Amino acid sequence: MTPPISDDTLDRDFYEKSPVLVVARELLGCVLVSRLGGTLTSGRIVETEAYAGLDDPASHTVRLSRSRARMGGHPGLAYVHRSYGLHDTLNVVTGAVGEHAAVLIRALEPVDGLEVIRERRAAPTIADHRLLAGPGNLARGLAIGLSNDGRDLTADPELHITRGEPPASIHASPRIGITKAADWPWRFFDADSRSVSAHRRGTLVT
DNA sequence: CATGGGATTGACT
DNA sequence: GTCAATCCCATGC
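All residue numbers for the first sequence refer to my numbering, where the first residue is 1 and numbers rise by one.
By construction, these hints were calculated from the structure, which means they are not laboratory data.
Note that the structure is predicted; figures quoted are calculated from it, not measured.
Virtual Cβ for every residue (Gly too), placed ideally from N, Cα, C.
It cannot be assumed that every hint is accurate.
Label pairs and their calculated CB-CB ranges [what the hints assert, rightly or not]:
| id | residue 1 | residue 2 | range |
| --- | --- | --- | --- |
| 1 | Pro-124 | Ala-181 | 33 to 41 Å |
| 2 | Asp-11 | Gly-145 | 20 to 28 Å |
| 3 | Asp-112 | Asp-11 | 29 to 37 Å |
| 4 | Asp-7 | Ala-69 | 13 to 21 Å |
| 5 | Ala-182 | His-129 | 36 to 44 Å |
| 6 | Ser-6 | Ser-147 | 19 to 27 Å |
| 7 | Asp-55 | Pro-124 | 38 to 46 Å |
| 8 | Ala-182 | Ala-155 | 33 to 41 Å |
| 9 | Arg-194 | Ala-69 | 34 to 42 Å |
| 10 | Ala-123 | Gly-98 | 25 to 33 Å |
Work out the full structure, taking the sequences as your base and the hints as a guide.
If you want it as structure tokens, here you go:
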């Protein structure tokens, strides 16, 4: 029996806000919960990136048809993308239907299911706090794959996000690994977390 | 149908 | 710091 969605699960109103930068910041400190693969695994979100709609040259929605269909849909739906043929990455659609905005979840601090996460990562020498650092790593650790594209995170017992304590200090920096709009400071991270994926300097936001 | 780029990662110099 | 693995999808012939 899968437990019901809890009261503190982020709802449609949370994801529907604009601009996407606000949602990207507010997701920091929330907890991504997965029961995919039959075991509870979860982590506290410490790093996100915002991708805006058709005016953001770096967003998949301007280039990829599947992304365009997904990101133009309802806020709170998962958009899972395979990157470099190897790694799957998790995004959440935000804003109004047709706005084509999404937030990429880039890093978590492990909370539940550490043993299973470590098995899935097949990385015996990695420190606990680094197991879910990086978008491909967290998807692997929480058993999130391409087949989970389109899940509704506001109503899915197996994949959703719950409210948490916001970080004391949030920094912003340019987004990682993109070539277009590479100077937009749309990556946000918890300045005090050791689980942030890349050690790039940021500027204080809060 | 052939080709090339990409929201990455870990191993290695 | 460099580099290759690997596949989805868009583009062009």
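Assuming the hint says 20 to 28 Å, is it satisfied by the Cβ distance from Asp-11 to Gly-145 or not?
Taking Cβ atoms as reference, Asp-11 and Gly-145 lie about 25 Å apart, which means the hint holds.
In this structure, is the beta-carbon distance linking Arg-194 and Ala-69 contained in 34 to 42 Å?
At 37 Å between Cβs, range holds.
Range first: 36 to 44 Å. Now tell me if the beta carbons of Ala-182 and His-129 are that far apart.
Hint violated: Cβ distance 28 Å, outside 36 to 44 Å.
CB-CB spacing for Pro-124 and Asp-55 relative to the 38 to 46 Å hint:
holds, 44 Å
Could you tell me whether the CB distance from Ala-182 to Ala-155 stays inside 33 to 41 Å?
Given about 36 Å between the Cβ atoms, the range holds.
Check the following: the C-beta atoms of Asp-7 and Ala-69 are separated by a distance inside 13 to 21 Å.
For Ala-69 against Asp-7, whose Cβ atoms are near 31 Å apart, the range 13 to 21 Å is violated.
Take a look at whether the Cβ-Cβ distance between Asp-112 and Asp-11 falls inside 29 to 37 Å.
Taking Cβ atoms as reference, Asp-112 and Asp-11 lie about 22 Å apart, which means the hint is violated.
For the pair Ala-123 and Gly-98, does the Cβ-Cβ distance stay inside 25 to 33 Å?
violated, 40 Å
Could you say whether the range 19 to 27 Å given as a hint is met by the Cβ separation of Ser-6 and Ser-147?
For Ser-6 and Ser-147 the Cβ distance comes to about 24 Å; the hint holds.
C-beta pair Pro-124, Ala-181: status relative to the range 33 to 41 Å that was hinted
holds, 38 Å
Comparing the model with each earlier hint shows violations of hints 3, 4, 5 and 10; every other hint is respected.
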